[in-house]
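Next come the chains, spelled out residue by residue.
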Amino acid sequence: MWNIANPTNFLKLTSWLVPVLAVLTALLLGAGLYLSFLAPPDYQQGETVKIMYLHVPAAWMSMFIYGVMCMAALGTLVWRHPLADAAQKAAAPLGAGFTFICLATGSLWGKPMWGTWWVWDARLTSVLVLFLIYLGLVALWQAIEDQGRAARTAAVLTLVGAVNIPIIKFSVDWWNTLHQSASVFRLGGPAISPSLLWPLLIMALAFTVMFMTLHLMAIRNEIYRRRLRRLSILAASAPETDLSGTMMEPVR
Amino acid sequence: MSDPNIGFIIAAYGLGFAVIVGMIVAVLYDRLVLKRALAKVVRNGASESEP
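So the sequence lines, in the order shown, correspond to chains W and X. When we follow the working numbering, the leftmost residue of the first sequence carries the number 3, and every step to the right adds one. When we follow the working numbering, the leftmost residue of the second sequence carries the number 3, and every step to the right adds one.
Be aware that one or more of the hints could be misleading.
What the hints assert, rightly or not - Derived DSS-like pairs (lysine-lysine); straight-line CA-CA distance at most 27 angstroms:
#1 X:K37 / W:K171
#2 W:K14 / X:K42
#3 W:K113 / W:K171
These aren't lab readings, by the way, just hints derived from the structure by calculation.
Given these sequences and hints, build the entire structure.
Here it is, written out as C-alpha cells:
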C-alpha cells in the first residue's frame, strides 16, 4: 500500500491496470445487461422488475463508495497516506453519481409500482441525505483553497456522515417504510429466485469494477492536478523565466 | 416486451446510462485538460527539478 504512495509508482500501476479494468467492466456490463433482459418477469411486477438490475447495484455502490471514502478519510487523518486525500476527493463525485442513479431509477420504479414518485419514508430520505452529503463534500473540496486543510475537513465530515450508512441499511427494519425490506443480504439467505439473483449480482460486480476503473482514473487526474499546481507555482516564482514565448519583465 | 410500464423501464435505463456516460466523459475530459495544461507549463520551461 505504501509502495503506491509514490505518485510515479501509482501512475505506472494505473497505466496497465485501468485498461484491464475498463475491458473487464465492458465484459461484465455486457453480460449483466444480456442476462437481465433474459431474466423472467416478476409474478407481481412483470417486466418492471428489470429496473432492479440498475437500481439495486447503484444503491449498493452508493454505500460501498462511502465506505471507501471512510477508509480514505482514516488514511488521511490516522495513517497520513499521501494518496488517501486524493482517493477521498476522487470518490465523492462518483458516489454522488451512483446515488443519483439509485434515487432516479427508484423514483421511476416507484411510480408504476407504488403509485408515487417519492415518499418521505426512512429509506428514501436517508439515501437523499447521503446524496446531499456527497454534494456537500464535493462543494467543500472546491470551497477550501488550502488542499491540506480541505482534506482534513472533508475527512472529518466524511467520518461524521458515516452514521447515515447503518441508518440506510437498517431503516427498513427499524421503521415502517413503503420501501421493501432486504431481500439479498439478509439472515436466512436471499429471498429472490436465482434466475433474478444472478443477473443482479453480475450487474453489481460490473458496477463495482466500473467504480474501481473510474476511481483510479480520477486519482490519476488528481496527481496531474497537483503536479500542475506545483509547476505553476515554480513557474510563477521564477519571473525571469520565459513562460509564454515573451520575456516577462520583473516587477520593480 | 409488451409491458404497460415499458416507458418507465426505458427511462430508467436511459437515465442510468446517461449518468454513467457523463461520469466517464467528465473523468476523461478532466484528464485531457490537465495533460494539455501540464504540457503547456512544461513547454514554457518549468520542471519539477527546479528549486
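ask   = Failing hints, ascending?
value = When the structure is compared with the hints, only number 1 turns out to be violated.
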